[in-house]
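Starting from the structure of chain D, add chain A where the hints point.
Those sequence lines, one after another, are chains D and A.
Under the numbering used here, residues 102 to 568 are what the first sequence spells out, in order.
Under the numbering used here, residues 83 to 399 are what the second sequence spells out, in order.
The reader is advised that the hints may include incorrect statements.
[As the list claims (entries may be wrong)] A partial selection of chain A residues facing chain D, derived with a Cβ cut-off under 7 angstroms: (1) Pro122; (2) Arg125; (3) Gly237; (4) Ala239; (5) Asp252; (6) Asp340; (7) Lys341; (8) Ile342.
[Unchecked claim] Restricting the straight-line Cα-Cα distance to at most 20 angstroms, the calculated cross-link-like pairs of lysine to aspartate or glutamate (EDC-like) are: (9) A:Lys210 x D:Asp524; (10) A:Lys326 x A:Glu316; (11) D:Lys511 x A:Glu394; (12) A:Lys219 x D:Glu461; (13) D:Lys511 x A:Asp211; (14) A:Lys341 x D:Asp473; (15) A:Lys341 x D:Asp381; (16) A:Lys326 x D:Asp473; (17) D:Lys347 x D:Asp381; (18) A:Lys223 x D:Glu461; (19) D:Lys483 x A:Glu213; (20) A:Lys216 x D:Glu518; (21) D:Lys423 x D:Asp326; (22) A:Lys341 x D:Glu504; (23) D:Lys483 x D:Asp559; (24) A:Lys216 x D:Asp326; (25) A:Lys399 x D:Asp524; (26) A:Lys219 x D:Glu566; (27) A:Lys214 x D:Asp524; (28) A:Lys223 x D:Asp524; (29) A:Lys399 x D:Asp473; (30) A:Lys352 x D:Glu566; (31) D:Lys483 x A:Glu394; (32) A:Lys326 x A:Glu314; (33) A:Lys216 x D:Asp524.
Bear in mind the hints are in silico, worked out from the structure with no lab data behind them.
Where is the CB? At the ideal position from N, CA and C, for every residue including glycine.
Listed below are the residues making up each chain.
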Amino acid sequence: MNVTSDPYVPREPIFPRSVKGRYRSIKYAILLLAYGVYFLLPWLPWAREHGPGQAVIFDLINRRFYLFDLVVYAQDIFWLAGLLIIGALLLFFVTGIAGRVFCGYFCFQTLWTDVFQFIERLVQGERNARIKLACGAWNARKISLMSVTWLLWLLVAFVTGFSFVLYWGRAPQLFIAFFTGAAPFPAYATTLFLTASTFVMAGLAREQVCTYMCPYARFQAVMFDEHTLIVAYDTQRGEATQGRHKPDKTVLQREQRQQIGYGDCIDCGYCVQVCPTGIDIRNGLQYQCISCALCIDACNSIMDAVHFPPNLIRYTAQTPAKRSIWLQPKNMAYGLALLVASILLVWSVANRKPIELGVEQVRQPLYVMLSDGHVQNHYILKLNNKTSQTVSYTIDLQGMQAEWIARPDKVITLLPEQSQNVDVLVKQPQNISAQVQQSFTFVVSGVELMQGVRITHDATFFNPEVH
Amino acid sequence: MSRRLMNNPQVNIMSTDKKPQSTQTTGHAWDGDLQEFNNPLPRWWLWSFYATVVFALIYWVFYPAWPIGKSYTKGVMNTVEYTTAQGKHVVTHWNTRALYEQDMQAARAAQAPLLKALDQTSYADILKDAEKLKFAKSMAKVLYADNCQACHQAGGAGIIGKYPNLADDDWLWGGSFEQIQNTIKEGHTGMMPGFKGRLDDAQIDAVAEYVLTLSGQSSDAKMSQRGRQIFEGEGGCISCHTQKGTGNIAMGSANLTDKIWTIADVSAAKTALAKRAAIHQVVLNGVTRKMPTWKERLSPTEIKMLAIYVHELGGGK
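Just chain D, same shape as in the assembly:
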């Protein structure tokens, strides 16, 4: 019996070997694109009539997000909810069809770990050199190589954290302020936190984030079925009847191997060495596998070298025919939900009004008797100009014979992106037979620039109850 008395085990370090191939190239392309967008976007200037000249800026103080020509206000936050729903549905849809594509190609944990490993290899050399260094004693060479690695990691981590901060202010000014000690405290705190977390997650924790921390890694299995594409080893072809066999002088040709019953796997171990999560894909589908497909590249480069057909390890399904039919009811449902959510979001953004109207009734007191026998109700109209121009609106009543007084003027002028509360007093002669509650509508119509814009809001007029 294999007994261990220690309830805690150290992590087994992983030293992934580098590999070249189709999937590696795709991953580098995605990495370059993602880094290009993430690090450069805050520096992109953008001409605006009003507001900051930065293409993407999240202005928390004024509660608005600038995304190119779109200005998102706090009350539009449901767009973010829509975006998150779309993100989740897209994830489910893609996972249902092609498995952990997000994990393997797009997840920032994967991207940053990739970069950190790239730095590690640049400084310390290929897998064997790194293992030798890790196992060796702490001499001057080891100390210097490790320090250079860690310093470069720290640099990447810092640039990562600092770039995130740049999205929340004017990048050029914030850049100068940051390094002259004049930036606000949250800028330093956020940078410090993200630098530390990037360093720890991408440098030290690595695959443990996926295996121990990530919730998606744990629940993605429910989106899987036998038609879902997974990275898998072709056991039949690789093992045949007599299992794997290293190529030796006695059996050089594939035909010879097949006669004996050896599979196509020459047991070189390259697929295991390149794996960033340290598993052996030949043991079948494992929860640690993030579907990065590097083992496919590794195996194909070996198959190519020994002149065997490629794709011993490949994207495949778990159906008996090893074929994936992606048009499953589940996937269609995910796809349909994704389509509906996307259309709704686009529609909502495209049909946004240049003005927002909210009506709040003053309820204390609900009505006031005036000296001339009129009954008066008091409303606060909240007008929010969502354009970057100075605009004017008129306010009217519809559905009730009543006078209204708004102070100071009937035409309300709003500065760019300004919101304003307008007190509106509505009065009508007391009518004993009138309903206690009368419904009517506030109509806000644009003038000049905003000609043709019309927005309404229902309201209630309260009359005194006569006993």
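Positioned in the frame of chain D, the structure of chain A alone reads:
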């Protein structure tokens, strides 16, 4: 799985075939064959647990932590300083109440220039300046709730018979900014004498009917005519309410010609009889209402902001 690579250079440098490993158990068997899997936690997890223990120890030294009888350990940081609204300077250990006081001190400092600007601006100019008006109203909203709302009710709704409505357009003591300011500052006593013993019930009924006539609600012209004679003659009502019945803001006597009833609840009465009865009660027993003076309790700026707030409740003149 628990072999440590750092200590074992032979492992895995060239991969060998990894057979799926048999799952480890705790080594104990119950009832012959019941065993427990051992899925060890990563060691760094253990170290992060120790780190939280160390964090707690450091925290206990610096921050308030342990209760001792009715007191507690206060931590070694005696660094939080603030000045109270009363000007008392306090240095204390770290605690959220003190941080709150610091925030309040900062808020008072931020408000000071705005308050000063209000002081130096006329009512007419404040009304034109959206920012100043907004500040004055939001400051006064709290002052109103603390000082005025108990009587005048939320939003100035008032209570008929007891406390005047501040949201309508009728003002016993005047509805201009200056008049409202003066009312808050100096206070007022409004006194309607009772006529019990001086007029009999029939006479009072007649006066009440005439008072209804003044706002066009009478149903008995003859009775009203009799009431008018008493109103202008032996009742002496005109000395306060004036010949026309429009009242006098110098003494806070009510305007009887408008539709607003501040003491007798005529608007809520359905029948002519009930309306008359409501007025009858007031004439018979009289009523004295007192608005206290606030100049000792509120600063001139606070009174100014309150005057703006009350004026803007909906009926300011």
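Structure versus earlier hints - violations, ascending order: Of the numbered hints given earlier, those the structure breaks are 15, 24 and 26, listed in rising order.
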